[in-house]
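Colleague: Modelling step: build the complete structure from the supplied sequences, incorporating the hints.
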Amino acid sequence: MKERKGLIIGSVIMIAIFVLMFIKGEPSKSIMVWIAAILTLSIYSFLYKDNVFYKFAEHLFVGVSVGYSVSVVWQNAFIRRVFDPLFITRTYIVNDKFSLYLFLGIVIPTLLGLLMLSIFTKKQAWLIRIPIAFVVGSYAGMGIAPSFQANIFEQTRSTLYVTLSISASIMIVGVISTLVYFFFSKEHKGLLGKTANLGIWFIMIAFGASFGYTVMARISLLIGRMQFLLHDWLGVIK
Amino acid sequence: MRFWEKVMKLDRRWIFLLIGLAVLIPFLKPLKLPLTITKPAKDVFDAVENIPPEGPPLLIATDYAPSTAPELDPMLYALLRQCFTSKRRVILLALYPQGAGMAQAGLDFILPEFPEAKSGVDYVFLGYQPGIQAIVMYIGEDVRLAFPTDAYGIPLDSLPMMKNIRNYDDIALIIDLAGSSIPITWVTYAVARYGELMAVGVTAVSAAQYYPYLDSGQFVGMLGGLKGAAEYEKLIKQKGYTKAREIATIGMDAQSIAHLVILFLIIIGNIAFFASKSHKKKGGPIGS
Amino acid sequence: MRRKIPLAIAFVFGIIMIIQFFIPHRISVEFYRNMLNALVIVGIFYYILAVSSLIRVHRGKIKRKKPGWGYSYVTLISLVVTAVIGVLGGAYQATRITSWFVQHFHWQIEQGTGLMVIYTYIQIPMGATMFSLLAFFIASAAFRAFKARSLTAVLLLVTAFVVMLGRVPIGALLTRRLPEIFHLTNIVEWILKYPNMAAQRGILMGIGLGMIATSLKIILGIERGYLGGGD
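Protein chains in written order, with the numbering used here: chain A, 46 to 283; chain B, 1205 to 1492; chain C, 393 to 623.
Do not take every clue at face value.
Which chain A residues face chain B? A few, computed with CB under 8 angstroms, are given here [what the hints assert, rightly or not]:
1. LEU92
2. ALA195
3. SER203
4. SER255
5. TYR258
6. THR259
7. GLY269
8. ILE282
Derived list of chain A stretches under chain C, where covered just means 3 residues or more per stretch with a C-beta under 8 angstroms from a C-beta of chain C [claimed, not checked]:
9. 118 to 128
10. 147 to 153
Hint data in this document are derived by calculation from the structure and do not stem from the laboratory.
Every residue gets a Cβ at the ideal spot worked out from N, C-alpha and C, and that includes glycine.
Modeller: Structure below.
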């Protein structure tokens, strides 16, 4: 019974699309656009209910997505940063002289990276921690000073250096009460508690704004696909 | 009361249908609602206009994936049109593999309008390199070290446009088109560590979150979501840069109507909730 | 041993990079550049992890014949096909192999490479559509979940209402006859710029401090989550 209902709804949507297409539209002549449109509709069929078309598209998406990334990393990064400099352009040979310094500059990080392959072994899999520790540790060290500059220093400076107005005072109170809310989350009593409660109000306004914007973003994504279907595929709108 | 309980139990597919129609119908019957331009968008436009033509390039980072393309693609198109028409130079790059594809797809879409625009002369597409933070810092040292070649495998020294460009000192402005929190990486390393100017084009999801950077001047301007893109389209059209189809602006009618429908749904949902709640208090049957 | 070596590496490089920031000497800068180069190259190999975990998950599904295991073949085959096309045919610049096909079979590839054709007509439409489903789900959630249960929830909903209306043309149209400060566009801009910004800034500073604390914890070996499980 449910199956039949789904089939009926599906056919009604299909007929509506075809009617639109033949009365008003100039459907695309590109096979690739048709493939894109069929995949798009396959994914939308999920809205009625999970089905074969959606599952196929979903799994295709994951595979293509990773396959694409692998290709780009291979072509743009591995070939040009590691393979070519080592074997083709030989950037470590300067004026016909072999430079160990430049050579090791490519080889050491490459060997470090190749330790990632240890994930395919059972006993030596821990070796993968070495490149990860190198990356995580280095970024942690590099990030501290600029992060302080960008997120703490600059933000404090532009909170305090303002021309005083009602709006600016509201802003200052908001920043302080939000910080109080975050850093003194244990006991909300007395003046501290009242400030923290005020912080919640500001946070709720911020979440409300973010929420309104999120609705907007989601609708925009649908609008984008609608444009594809109506303009690029069916040619119904100019 | 029974009525509101029934409303609460409504199959969600009816709501799906309603939203689908709210977006579809305005495309078929456009309302052409007027668009106001906000300051953060105008600031981005002015920052690009302040770059002298044929002068130092604008760096556009396409750090987004297809999942946010409907919001950010129109920004990329508008920026490319503005730069190509006014002979401002552009460097494109991405910190994610997916983003590099978006940049190439954007070029494939825009370049037919500008047959005279040449790779290496009017624009350079650097492609993708891994190591997100490392690349942002590396460009601050030397862009040639960060990107040995452009996306098409040509060494940067062989590209006329890149001749006098070493690092951020020679780049006028960064515009990061981002679908994630990657602008924070740019602001932390390129702006704080290397003192570069920066603007952003972000999805509406994250727009509210970036106001602190806008207020502190760490971002010179911001385009937020499809609305921001539509504002930018209007700005470049007013300046006479393009007559091309305005993808984001066309979508604004549907955006307005869909928002009204969602507001309506929230109101109905609340009425139904409170109506059936007071019903429950009176001891009636408990609805789900 | 299996934990101490990685912890020591993180500690040493973390400390060196903190110190490096404050020393603008030529040797220090040279070292910094070498570090960046190393981080980028190691970054290439991170993709081994991503691919291996995906393959592992789907091979496991096929082996154990879990429900829907047939679809795992779709993922694996599309991964291999795309990767082969990209690795042999080039990402953005056609390789000789692509040129050969173009010449001998009179193919017309507007996108330059086979990979970009796949990206433009399969990856982009599917990625965008997949996420546009959220438009439907958020509408349904708006109907079911966004209830004004408390005062703070009311505040959230009212702000969301104003932003939703004020950020689209119809909001501006509704208030265009009022004095300028009551224009919805201006009200929304004010909310975003002052109360919203204040809270966002507080959150941002909190996150900033948290990030710095986490970095220090990593360097000092207190935070070890990145090592994964096991001994």
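Colleague: Now look at each hint and say whether the structure bears it out.
Modeller: Outcome of the hint check:
At about 5 angstroms, the closest approach between the beta carbon of A/LEU92 and any beta carbon in chain B falls short of 8 angstroms, and the interface hint on this residue holds. Restraint check, A/ALA195 versus chain B: the minimum CB separation of about 4 angstroms is within 8 angstroms; hint holds. Of the supplied interface hints, the one on A/SER203 holds, with its beta-carbon coming within about 4 angstroms of a beta-carbon of chain B, less than 8 angstroms. A hinted interface residue such as A/SER255 counts as satisfied when its beta carbon comes closer than 8 angstroms to some beta carbon of chain B; here the least separation is about 5 angstroms, so the hint holds.
Evaluation of the A/TYR258 hint against chain B yields a held restraint, the C-beta minimum of about 4 angstroms falling below 8 angstroms. Look at A/THR259: its Cβ gets to within about 5 angstroms of chain B, closer than 8 angstroms, so that hint holds up. Look at A/GLY269: its Cβ gets to within about 2 angstroms of chain B, closer than 8 angstroms, so that hint holds up. With a cut of 8 angstroms, the hint placing A/ILE282 at the interface with chain B holds, because the nearest CB-to-CB distance is about 5 angstroms.
Residue count for the stretch 118 to 128 of chain A with a Cβ under 8 angstroms from a Cβ of chain C: 8. That meets the three needed, and the coverage hint holds. Only when three residues or more bring their CB closer than 8 angstroms to a CB of chain C does the claim for the stretch 147 to 153 of chain A stand; here the count is 3, and the claim holds.
Violation of the numbered hints given earlier is absent; every hint is satisfied by the structure.
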